[in-house]
Amino acid sequence: MNLLLRKAGYLLLMLMLITIISFMAIHAAPNSFLSGGELNPNMSAEAIERLKAVYGLDKPLWQQYTDWIANMTQLDFGISFVSGQDVTAEIMKRLPITLGINIVSLLLVFALSLWLGIKAAMRFEQKTDHAIRQLSLVSFAMPSFYLALLMILLFSVELQWLPITGLHSIGGPEEGAAYWLDMAWHLILPVFVMVFLALGSMTVYVRSLTLEILKSDYYFFAKARDLPERILFRRYILPNLMPPVITLLGLSLPGLIGGSVILEQIFGIEGMGQLFYLSALSRDYPVIMGILMITAFLTLLGNMLADMLLLKLNPYAKRG
Numbered sequence: 012m013n014l015l016l017r018k019a020g021y022l023l024l025m026l027m028l029i030t031i032i033s034f035m036a037i038h039a040a041p042n043s044f045l046s047g048g049e050l051n052p053n054m055s056a057e058a059i060e061r062l063k064a065v066y067g068l069d070k071p072l073w074q075q076y077t078d079w080i081a082n083m084t085q086l087d088f089g090i091s092f093v094s095g096q097d098v099t100a101e102i103m104k105r106l107p108i109t110l111g112i113n114i115v116s117l118l119l120v121f122a123l124s125l126w127l128g129i130k131a132a133m134r135f136e137q138k139t140d141h142a143i144r145q146l147s148l149v150s151f152a153m154p155s156f157y158l159a160l161l162m163i164l165l166f167s168v169e170l171q172w173l174p175i176t177g178l179h180s181i182g183g184p185e186e187g188a189a190y191w192l193d194m195a196w197h198l199i200l201p202v203f204v205m206v207f208l209a210l211g212s213m214t215v216y217v218r219s220l221t222l223e224i225l226k227s228d229y230y231f232f233a234k235a236r237d238l239p240e241r242i243l244f245r246r247y248i249l250p251n252l253m254p255p256v257i258t259l260l261g262l263s264l265p266g267l268i269g270g271s272v273i274l275e276q277i278f279g280i281e282g283m284g285q286l287f288y289l290s291a292l293s294r295d296y297p298v299i300m301g302i303l304m305i306t307a308f309l310t311l312l313g314n315m316l317a318d319m320l321l322l323k324l325n326p327y328a329k330r331g
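Numbering (the working numbering), first residue to last: 12 to 331.
Honestly, the hints are just simulated from the structure, not real lab data. Among the hints, a few may not be true.
[Unchecked claim] Result set (DSSO-like, lysine-lysine): computed pairs, CA atoms no more than 27 Å apart in a straight line: (1) LYS138 - LYS226; (2) LYS226 - LYS323; (3) LYS323 - LYS18; (4) LYS234 - LYS130.
Being a predicted model, the structure only gives us computed values, none of them experimental.
Could you put the whole structure together from the sequences, leaning on the hints where they help?
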């Protein structure tokens, strides 16, 4: 219980630091949403001042910050400059699809990297090992936007196997299993791109850890007992791999969520990443700040859950 309270306190402290940094960075930006109005000859100075009063931008910075923190504790991120809609409602409408894509991608990366990394280590310096290492190198070096465009050109334009953009087909099913199957069909390419890009570094890491395990004394003596490979894998390799891999997965959450910004825009997915991209272009600061804080909270929460799971798998970590 004490450990959980310490983790929660650390999460709140980090969130507070992130609020300060994000707030100062936003206000240090060279232009603002209202700068366009100042250049508009049809908008008077009085109208601009009224807009600033509506959004609370006429107050001192410290008061703007305290008001924002007070509202944020009630999950009120303000009103969008562009749409005039409640920011929390807009984000919550798009959050499930982004969260779903990232969770599915994370699980696939976890399963595939374990399988490929262990396979490469068990076939050290053989053809399988060389092939997996080359695949990891391509994954690590490939830009996300370039791979996404290649997949669209190949599977959507040339072969016409998969849809180009969107979450649903025009005139497609609106409920039932067919609705979800149609959505899954549209998400094959985005999920593939996210998984492929994150797979390389994770596979190399698992391979390196597995090679260290294969050189250990306990594995040598277990193998000397002529145990089957599946027993060696289940009792000696996998249990020693799980703690560091889970730690790395927790640290990789920001990269996956950050990658959604580019991929959702390319694939036309109306998720939180696309909303952040459009809000950044229009300098819609309430939406930007709301997405930043929710993303930061989810990232810190994911890392905290990874730490708690690590303690379950490795009780000796409590002594550190």
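Given the proposed pairing of LYS323 with LYS18, does the C-alpha separation stay at or below 27 Å?
Satisfied, since the Cα-Cα distance of roughly 15 Å is no more than 27 Å.
Given the hint that LYS138 pairs with LYS226, test it: the Cα-Cα distance must not exceed 27 Å.
Given that 27 Å is the threshold and the Cα spacing comes to 21 Å, the pair holds.
Take the C-alpha atoms of LYS226 and LYS323, compute the straight-line distance between them, and say whether it is at most 27 Å.
Holds, at about 26 Å.
Restraint check for LYS234 with LYS130, where alpha carbons must lie at most 27 Å apart
holds (17 Å)
Every hint from the earlier list agrees with this structure, and none is contradicted.
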